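Peer 1: Okay, here's what each chain looks like letter by letter:
Protein chains: 2
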Amino acid sequence: MLAVGRELLIGRTLNTNARWLGRRLGRMGTLLAEVTTVDDDLGEIAAGLKSCLGRKPEFVVVVGGLGPTPDDMTLKGVSGAVGVELRLNEKALSLIKEHYSKRNLGRIEITPARKKMAILPEGAEPVRNDVGTAPGVKLDVDGTSVFCLPGVPSEMKSIFRKSIEPRIAERLGRLHRKYFALKIEGIYESALAPLIDAELRKHPGAYIKSHPRGIKEGRSRIELDVAVVSEDKKKAEDSAARIVQSIQSRIGAAGAKVVSVRDSAP
Amino acid sequence: MLAVGRELLIGRTLNTNARWLGRRLGRMGTLLAEVTTVDDDLGEIAAGLKSCLGRKPEFVVVVGGLGPTPDDMTLKGVSGAVGVELRLNEKALSLIKEHYSKRNLGRIEITPARKKMAILPEGAEPVRNDVGTAPGVKLDVDGTSVFCLPGVPSEMKSIFRKSIEPRIAERLGRLHRKYFALKIEGIYESALAPLIDAELRKHPGAYIKSHPRGIKEGRSRIELDVAVVSEDKKKAEDSAARIVQSIQSRIGAAGAKVVSVRDSAP
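Same order as they appear, the protein sequences are chains A and B. This note's numbering applies: residue -5 is where the first sequence begins, and numbers increase by one. This note's numbering applies: residue -5 is where the second sequence begins, and numbers increase by one.
Simulated from the structure, these hints should not be mistaken for lab results. It cannot be assumed that every hint is accurate.
If several chains are the same, the list does not tell them apart, and a pair holds so long as it fits within one copy or across any two.
Below are the DMTMM-like pairs computed for lysine to aspartate or glutamate, each with C-alpha atoms no more than 25 angstroms apart in a straight line [claimed, not checked]: (1) K151 / E1; (2) K109 / D219; (3) K70 / E52; (4) K85 / D124; (5) K151 / E217; (6) K50 / D35; (7) K156 / E52; (8) K44 / D257.
Only a predicted model underlies this, so the values are computations on that prediction, with no experimental measurement involved.
One chain only, chain A, in its complex shape (with noise of 0.2 angstroms):
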């Protein structure tokens, strides 16, 4: 993911379509491997796009920058980075024309400011958005998809829905991911180390992960993240719960204490 504007550099707005996307995609049983957050600024938008490209990601979602303001500036800087030129896009401008025509907001007239949203890097598709005026807009980049979402989340989501989530899922197949989060009382992170590697040892796919979450009342709290992922589902909840039984019974050898265990699909 590719999220563009200062907003979040600044620290004014949280990056919550970031959580967004990643709980979507870990549910799907795939990942979010990397999220970057740009300048609105062409270098910025056009560096940060070959960076994301240079991993050969099977995807990339853009988010942001593509309203009628100068800010908006990701297309640009998208074209930029892949070499290709900006054109008027006829049918981004007849859905640009829909949505202003369906909103009953009488005949409004094509501005600049309003044809920018159609003006997309050659080779592109606009991606119907049900939700606000500017489309989506993909784009093939070396065996790579390249999608293109507005910033404003109900819009983002809405078009992530329904028009990426398809190809993501085609292209997944079967994988299925299985994750419980554990909480545990009386054992500090660095007691927790040992037993952590010797499970890892016994499942080299599995992922576990501590989170230190204080003391209280004299006792250290982690929670533990547990996740595997494999192409069976049966597999991998067989598996995710072995790992956490084997754990349960560690911890208690211990003298400490698993206070709960919860399914945490993301």
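Starting from the known structure of chain A, fit chain B onto it as the hints suggest.
Peer 2: Frame of chain A, contents of chain B only:
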């Protein structure tokens, strides 16, 4: 900023550390240029850091992955990216011992997991952590100061305030940044665009950005950020105020309304 941690990528945790850092730097008159979030994975951490260093920034703050558990692998990833070995750092080890003894935890054994927090990239210096166990780490790489901080917010903030902020302030000199936030009603973003454009032509160095906030009672609502940076405090303030005044009259002439103007130091 390089944020390390799967919890950020699966939407379990919001990156409030990035917001805090962005605000803090904005207040100092500078800007967080980029935030990249990567998984707890050696290759990802190394690639993320290399990409940050490729920008030749003055400072990189790496947040997360300094603890005692196996998933804490930031320092190993950093040493891989920079091409130096990991070594036990005696100064870091005494900081860790001091931490345990200060807390009156009695004689706590320095287990391998605890020792791990003192194993730093060669040439790095530990930075005192007054709040938690794992020391911060400072490493100079080709003119960039790389600081590694724990991901626990209280520890990150404490180390940043005490040990990093003074060094940034020193390099910054006297840059001042003035922010205003305007609430506007009764104009579409696409109609606002040419007004902003005209303003930016008059003040090419200024930052003006609109955020659509939906339609209320048939009237379009927009928030507008205005920022000016200057070595001269008064110049930054005067210039920002002039822009706001000019926008107000343009908005009025367009039949819309500026509902409020707020001084918005980030």
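Peer 1: Checking an output row: K151 and E217, CA cutoff 25 angstroms. Within, between, both or neither?
Peer 2: between (30 angstroms within a copy, 21 angstroms between copies)
Peer 1: From the Cα coordinates, with 25 angstroms as the cut-off, is the pair K44 and D257 best called within, between, both, or neither?
Peer 2: Close neither inside one copy (37 angstroms) nor across copies (36 angstroms); limit 25 angstroms.
Peer 1: Give the relationship of K151 and E1 under a CA distance limit of 25 angstroms: within one copy only, between copies only, both, or neither.
Peer 2: Result: close both inside a copy and across copies, 19 angstroms intra and 21 angstroms inter.
Peer 1: State whether the alpha carbon distance between K156 and E52 is at most 25 angstroms within one copy, between copies, both, or neither.
Peer 2: Intra 18 angstroms, inter 42 angstroms, cutoff 25 angstroms: intra-copy only.
Peer 1: For the identical chains here, do K50 and D35 meet the 25 angstroms Cα criterion within one copy, between copies, both, or neither?
Peer 2: Answer is both; intra-copy 23 angstroms and inter-copy 17 angstroms each pass.
Peer 1: If the cut is 25 angstroms between Cα atoms, do K85 and D124 qualify within a copy, between copies, both or neither?
Peer 2: Within one copy, since 15 angstroms is at most 25 angstroms while 59 angstroms is not.
Peer 1: At 25 angstroms max between alpha carbons, let me know whether K70 reaches E52 within a copy, between copies, both or neither.
Peer 2: within (22 angstroms within a copy, 28 angstroms between copies)
Peer 1: Using 25 angstroms as the alpha carbon limit, work out where K109 and D219 are close: within a copy, between copies, both or neither.
Peer 2: between (48 angstroms within a copy, 23 angstroms between copies)
Hint compliance for this structure: hint 8 alone is broken.
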